[in-house]
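Undergrad: First to last, the sequence lines map onto chains A and B.
Per the UniProt record's numbering, residue 1 is the first one in the first sequence, and the count goes up by one each step.
Per the UniProt record's numbering, residue 1 is the first one in the second sequence, and the count goes up by one each step.
None of these hints come from the bench; they were simulated from the model.
Keep in mind that a hint or two might mislead.
[Claimed, not checked] One side of the interface only, derived from the structure: several residues of chain B facing chain A at Cβ under 10 angstroms:
#1 C39
#2 V41
#3 Y44
#4 Q45
#5 D49
#6 I50
#7 E51
#8 R53
#9 L80
#10 T88
#11 F95
#12 A96
#13 L100
#14 L105
#15 F112
Ideal Cβ placement from N, Cα and C applies to all residues, glycine included.
Here's the letter readout for the chains.
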Amino acid sequence: MTDNHPFGSGMFQGQAKFVDYAHMNQQEVQVNTLDEPVLDTLLRDINMILYKLSYVIIPRMKETQGRKLRNWDLWGPLLLSLLLAMTLGINSNQSSDTIFGTIFIIMWGGSAVITVNAKLLGGQVSFFQSVCVLGYCVFPINVAAVVITFLQSYFGFFLRLIIVGVAFLWSTFSSLSFMSSMMNEEKKVISVYPIFLFYMFLSWFCIFI
Amino acid sequence: MQNFGSNNDLDEKGHVMTDQPKIKVKFEPKPKPSTCPICTVEYYQQFFDIEQRDVYMRIRCSLLSWKPEFYQCVGKNPDLWGPLWISTTIIFILFAGGNLSRFLLEEDKRHFKYEYNYMYVAVLIVYAMAFIIPIILGVIMKYILKSELGVFEIVCMYGYSLSVYMFVLVLCIIPYNEAQWFFLMCGLANSTIFLLVNLWDFMKKNKQTTLIAVPIISFNLALILCFKFYFFRLIYAVDD
Chain A
1 MTDNHPFGSG MFQGQAKFVD YAHMNQQEVQ VNTLDEPVLD TLLRDINMIL
51 YKLSYVIIPR MKETQGRKLR NWDLWGPLLL SLLLAMTLGI NSNQSSDTIF
101 GTIFIIMWGG SAVITVNAKL LGGQVSFFQS VCVLGYCVFP INVAAVVITF
151 LQSYFGFFLR LIIVGVAFLW STFSSLSFMS SMMNEEKKVI SVYPIFLFYM
201 FLSWFCIFI
Chain B
1 MQNFGSNNDL DEKGHVMTDQ PKIKVKFEPK PKPSTCPICT VEYYQQFFDI
51 EQRDVYMRIR CSLLSWKPEF YQCVGKNPDL WGPLWISTTI IFILFAGGNL
101 SRFLLEEDKR HFKYEYNYMY VAVLIVYAMA FIIPIILGVI MKYILKSELG
151 VFEIVCMYGY SLSVYMFVLV LCIIPYNEAQ WFFLMCGLAN STIFLLVNLW
201 DFMKKNKQTT LIAVPIISFN LALILCFKFY FFRLIYAVDD
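So that you can see chain B by itself, here it is in the shape it has in the complex (with noise of 0.2 angstroms):
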């Protein structure tokens, strides 16, 4: 049988190297019909275009809350990573740390038994607040209420502003009751404030104060007493 490639090892780009002369076929990805932009992977990647240095600033922004510096962070950048995978770690944290919480206070560890409606009570919780509340607001805001700040805009800030609960729930896995009610008391105010302040200029220009800002805080209280009241509601019992 006659030898077709004395090497027919694989170069850098997986083409099998031949001793005759190359012929270079290029593949050329079709253009693919604009029958359905929003299937495309590239649509998508418009709100992934962001860099870890990015990410960093973004959070550090949020945990100074009363600082209105989140447009100058987000520029005309705003992004979707971070609302996503924020709320999927507090999504983590609530399971896990609710589980290890309830774990630590059980007496008889061999029968512990493990909760697995936290992780489905804590999904459908968490993408609530950090998608279809912010939507709901957003829309409002763009087309009742005439802003010039898109929904998208809104859903990457309320994103961001859950990101102090990461390190708060952390805390909360100390199964002492007033030690929970202060460090979810300080992630409430962080969270709030930053909205707040951020939205401050808007409310003040069109004077809509109370209809912005009363559902947020409401909302935001609603999320930590979820929290205490579900995840974290086991304490040490204090003997009287």
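Chain A extracted, bound-state conformation (with noise of 0.2 angstroms):
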């Protein structure tokens, strides 16, 4: 039932209970989805978002648990780069508007390199998919940013470099085992090399802050 899936599609909720996806075509799909109010189509992404933290918040190093990634979207990546390149961006003392778009050509262009890197190396990894994942998985490293802004006359260098240490190690642990498991035994540590690449220049802008 695709109300019990974690991840099914948010179309289908809230519909008859039985949904066959094979025999409904896609006038019907569409259709109930139009007629609801914004509310509670906002509330379905919304939780959709938060399901797939959930996720990643809890970095998991069995293979099977990435699998449930698959259903990617791109708008929890896309408010989790503006969240960052705010928070960088208001707390430089110049130029915000350099680095405010400096993370999000990282951010994007950076999953995008990323991604096709594993293609080439022939993985079997879908693009929007891996995309999608190292987007969400970037969370750890908001919240690092987060807390440091707020907290600024607190922490002393070294304590910042912890922190921001740690969310750099929960980030790139939390995308190992959706990206490791698409690739050949003998590629793990090339295809996982620039992940490691990307959330070190990520959090390496927290640290200066």
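Hints given; two lone chains; assemble the complex.
TA: Here it is as structure tokens:
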């Protein structure tokens, strides 16, 4: 039943209980969600984002769990990248627009490059699914940036380094289970190394706010 | 409403499992028309046909630069993974390490101004050194000097020659003048020796030693001067 499936497409929730994907045609699907109130749509999407975030918060090393993130969406990564870019932009004492643009480009460009790298190395990875996972796994770095912003005066340099370090390791482990399940044994390190570099790049911006 | 399927869970391939007899429809990807072979992922996969063990061996070959073993390491299989990600790592180290070095020297740490230009300059210098210069050199060698080495092998060699800088630049974060010059000179020596040793056979055969050796040495020297005078220029001032 789609109601129980953790990442079942939100479009079918609230519909008739037994839904058969194979026999429902596109026309029926579209009409169902157009009639509902806007708040319902928003709440459903927000729930979907929060549900996926819960899979990121608890890094799972077992590869089967990583496959739950198969239903990709780009809302979550967009919100997270905007939040990170704004947090770092507000805090930098010069050129906030440069830093905003830089973070945005690094995040989306970096995700794209990592995905293309994995595909070129022969991985069975879908482009948007991978971009989605990498985007969601930026969440711990976001948390670190926000925490450092609000408690700026209480933190010395070393404490900041520790907080950002923990966030970086958390992000990397979260995305590891997904990415390494897509690659051959002999190519895991060379496909995971760019992810490590990517999160290190983003974390580095948080240290010197 | 008739229950079309008692089990609406997805099986491992993502198909809905129903009680009806399964009619397997296999979707074969349509073979792409060969109008644009460069546009497909498969064309570029030949440049990334490498495993992590190969990458370790090639980096090890480049660090032990006095042994002309690079061709045995590479075989018939030069790759682009190494040049791309080694140069990206160096860009990150320049950006992060350069700013960290300045931060360590700053007395008033609360008003430290982050230098974002380091990233743009680093991207320009390092990607030029890793890709543009070897492409030019490779084209000259292949089409004018008629070498059997392709452009691609030269790009691969140049990319791996930069691998020593990954370690050298981390050490250059220490803000002491003599230390930085020492490490950069070690890096320069290693990188230049690696390139010259592996191109030696070609140079001797064609008697074009100076034409190839001089640009290699001068570009490498220019690179470390850029590193020293732009990214790591601040040092502890010595009171006379």
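Undergrad: Now, for every hint given, state plainly whether the structure supports it.
TA: Now the hints, each set against the structure:
Contact between B:C39 and chain A, as hinted, is not supported at the beta carbon level, the nearest pair being about 13 angstroms apart and thus beyond 10 angstroms. Checking B:V41 against chain A: minimum C-beta separation of about 6 angstroms stays under 10 angstroms; hint holds. For B:Y44, the interface hint holds, the least distance from its beta-carbon to any beta-carbon of chain A being 6 angstroms, beneath 10 angstroms. Look at B:Q45: its Cβ gets to within about 5 angstroms of chain A, closer than 10 angstroms, so that hint holds up.
The restraint placing B:D49 at the interface with chain A holds, with a minimum CB-CB distance near 8 angstroms, inside the 10 angstroms limit. A distance limit of 10 angstroms between C-beta atoms decides the matter here; for B:I50 the minimum to chain A is near 7 angstroms, and the interface restraint holds. Look at B:E51: its Cβ gets to within about 4 angstroms of chain A, closer than 10 angstroms, so that hint holds up. About 7 angstroms separates the beta-carbon of B:R53 from the nearest beta-carbon of chain A, less than 10 angstroms, and the hint is met.
Hint status for B:L80 relative to chain A: holds, with the closest Cβ pair at about 9 angstroms, below 10 angstroms. Residue-level restraint check for B:T88 holds (minimum Cβ-Cβ distance to chain A is 7 angstroms; threshold 10 angstroms). The beta carbon of B:F95 is positioned within 10 angstroms of a beta carbon in chain A (closest approach about 8 angstroms), and the interface hint is therefore held. The criterion of a C-beta within 10 angstroms of any C-beta in chain A is met by B:A96, whose closest approach is roughly 5 angstroms, and the hint holds.
Hint status for B:L100: holds, given a least beta-carbon distance of 9 angstroms to chain A, under 10 angstroms. This hint is violated: B:L105 has a C-beta 14 angstroms from the nearest C-beta of chain A, more than the 10 angstroms allowed. Because the beta carbon of B:F112 sits about 7 angstroms from the nearest beta carbon in chain A, less than 10 angstroms, this interface hint is met.
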